[in-house]
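S.K.: Just need the whole structure built from these sequences, with the hints factored in.
Numbering (the UniProt record's numbering), first residue to last: 1 to 904.
One or more of the hints may lead you astray.
[As the list claims (entries may be wrong)] Simulated crosslink set (BS3-like; lysine-lysine; CA at most 25 Å straight-line): (1) LYS192 / LYS562; (2) LYS562 / LYS645; (3) LYS562 / LYS267; (4) LYS562 / LYS624; (5) LYS202 / LYS245; (6) LYS267 / LYS444; (7) LYS702 / LYS720; (8) LYS84 / LYS73.
Keep in mind that the hints were calculated from the coordinates and are not lab data.
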Amino acid sequence: MQVSVRRLALHPLTVAWSGRIRAPLLSPVPCLLSPSTRTLFSATGVWEKDYRTDTRRRVEEWWHPRIMAQWRKDALEQGSNRKKFYVLSMFPYPSGRLHMGHVRVYTISDTISHFQRMRGHQVLNPMGWDAFGLPAENAAIERGLDPEDWTKSNIQSMREQLDSLGLCFNWDREVTTCLPDYYRWTQYLFIKLFEAGLAYQKEAVVNWDPVDQTVLADEQVDENGRSWRSGALVEQKLLTQWFIKTTNYAKPLLEALADLPEWYGVKAMQANWIGDCTGCYFDFKLKVNGEETGETLSAYSSSPETVFGAAYLAILPSHRLLHGSSSVRPVLEKALQPGRDSLTEVTARNLFTGREIPLVILHKEAFDGYLDTVIGVPDSSEEDLSVARALNLQWTTVLKSNQDEAQTLINSDEFSGLTREEAFDSITQKAREQKVGGHLTSSKLRDWLISRQRYWGTPIPVVHCGSCGPVAVPEEELPVTLPKLPSLTGKGASPLEAAHDWVNCKCPRCKGPARRETDTMDTFVDSAWYYFRYTDPHNPDRPFERHLADHWLPVDVYIGGKEHAVMHLYYARFLCHFCKDQGLVAHREPFRKLLVQGLIKGQTFKLANSGQYLKREEIDFTDKEPVALGGGRIEVTWEKMSKSKHNGLDPQEVVQQYGVDTVRLYILYAAPPEQDILWNVKTDALPGVLRWQSRLWQLVTKMRGARQLGDVPSPSLLKKKELAEAKKIWESKNFAIQEVTSHFTEDFLFNAAISRLMGFTNTLNSATVRVIQHSVEFEEALAALVMMTAPMAPHLASELWAGLCQVKNPLSPLLQRGGDVLQQSWPTVDPEYLEVPDFVELSVLINNKACGTVTVPLQASKDTERVQQLILESPLGLKHLAERSIKRAILSPRTALINFLIDE
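M.R.: What follows is the structure in structure tokens.
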């Protein structure tokens, strides 16, 4: 393949964002660089004294392809003898354009990946595409395109955008959910669920989106009854749908939350979504005139230990049996009495107890939670007792109270004599073993509705046979691929109904005529297992090899939005529990730590009277309060970025203006990951990171200049005061390493880590020339500073490291071992520093008012000057004391307290 010199000379940011040609990502050949790079130190050995805009541009242009190439090289060479670290960011829907939310989440994952690689880990940082779904299908309909072509084009464009940001993913593990080599295994897992009795089809009242013409799961309808995607008011419709019986795993999923670290409130959200798992379902066979109809009905019992005392099975007037195609519908309609509870001629045989009870229709709008079918047991409920008496029903007494008021079971077969608590466990366990119910769940949790009446999704691998019923497609015939359709309309029945040659097939079991299932799966099924596929993405024989999944899982840190708390995260946890029970993996929980990132919000301007959003150019900002150019009061707010609100940012424009490293540092510094960022370049965050980059550059410039003064560096030339200064630098270095490493591994407070590095930079900036020239402490401190900056600002740090390693007569082995900065080992605290491991938590007062605490080393806690310096470098000091005039700092000799007196 021929590559033109001119193309490689282009800035990668310019090339990649065009969306038409690939960026020159991996060519490190110096001779192909444009003339503008000739003044860069890495290319010429000439160091520029100042870090200007054009310097930044050349630095990023030079290092971008080299960092990407080194990441790929390291990924191929890293051995399995190193401890693994799996960092996973939620994969995107390929819309075609990155937004700033993408930039934030992937900057965080890239930073963690570089850090863990420097710590010696075998790192997996994969990327893929959640590529099925309604947006692509709707876009294809609007444009008259094939959704596959549209999706693949968007993937190509977005991958180039990600590359242009210097994000180091393991692209050799890329997965795309709309490709048959991926969704073949989604179908395989569905069949496993089907064979285990966990995937089933039933008629149900469902949420219907009239705009997107498809069914929605309960989780996809907001509190106002509107679709999560289209915003349409959702309708209720009776359709035959496919479900996955997630309720069977409710109790294990709830209990497993206790073993996970705190997930930014997500654990509580999941626990609330699941509910208290104090009851279970039992299966019943319906009968009319003593003959079974072939229909099975599951009913909930809040006291399963009393199931032998059931008097009736109750349904609501809105139940599907009264509105669908059930064979018992005419019998039920005949019995229905508006406004009154009704006893019907339908009976139900409990498959666990073997006992037959009548089916009744209770005149209620709802049972507890989402229930529409419950078991009435007069012994355990006053309401059930009242219903049974009103309808003149017979029942068996199953509870006996003892003298100590404890209750035991009677008339309950082999469970008689057990206490209620013992019977609860024994009955539910036996029901589970017999596969007729017994799985503990809550009254508020429903099974997962996965049917979608659209084209662009994973085909459900089932055929419907008149003789055999629903039959799973044999595994050797997977994948069931989507047929090509001449056009898509998005209206009426599933588009797959039009593919007659595809729909009509033979039954795999009896070889008779059959029809394929024309519903496709919800995209959340695709994303419920993608973290597995990353561990073995090219396997043609199975979804993944167990030993590879067991090596990488659980994911060490999972990064994404909190909006997925009760959908994606719940489904992914469910499928991992299922795969564990199937012997496919060793781990029951897929994710160890969850890092939730907030939104990036932009300023919005809308007319107060109409709510219409305005562009900035439609507003007059000359007065204190903005007004619309056409007249009218303006409401100014901060909202999630979107085109419709005219408050979005194009990452391309932001990166071209400020540079990749500046954008990365701004995102990491502006707020902790879980908090929203209000994008405003006039705040302290952006000027702060711009100044810091310049100060870092100046430090290396100082170091290089000091070592060119003529004297050979010799620590023995330092005087007592200079040795004391060098020791404080050594202490600052170790304290910074300790703090920053903790932020990178424990709380992910990258903003606090940057604040610490900024303070550390100030310490080094105040060093005297002779300490810079003759101390190994300054040299190693500056080396540690550059290394700790590298995961967050890799291009700048790479150039700084190159300049640092070429100083004359280096004193430290750190600068002599070769390799770029990202190939260095993460700095560690010196053992001598740890010999006095104690720290003191100092209360900080400002003008006698408490404003927080700062932890300082014990050995420095009595040195007023040192304590003041550490506090000024801390996040608390930067927030409350930066640029304030400090008249005096009073360090208490008796208590851990310092009081700053400042000018108000």
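S.K.: Now tell me if each hint is right for this structure.
M.R.: Against the structure, the hints come out as follows:
Taken as a hint, the LYS192 and LYS562 pair is broken in the structure, with Cα atoms around 30 Å apart against an allowance of 25 Å. About 22 Å separates the Cα atoms of LYS562 and LYS645, which keeps this hinted pair within 25 Å; it holds. Only pairs whose Cα atoms come within 25 Å are accepted, and LYS562 paired with LYS267 is accepted, the gap being roughly 11 Å. For a cut-off of 25 Å, the pair hint linking LYS562 to LYS624 is broken: about 36 Å separates their Cα positions.
Taking the CA atoms of LYS202 and LYS245, the gap is near 12 Å; set against the 25 Å cutoff, the hint holds. About 17 Å separates the Cα atoms of LYS267 and LYS444, which keeps this hinted pair within 25 Å; it holds. Our distance criterion of 25 Å between C-alpha atoms is met by LYS702 and LYS720, whose separation comes to about 22 Å. Pair hint LYS84 plus LYS73 holds up; C-alpha atoms about 17 Å apart against a cutoff of 25 Å.
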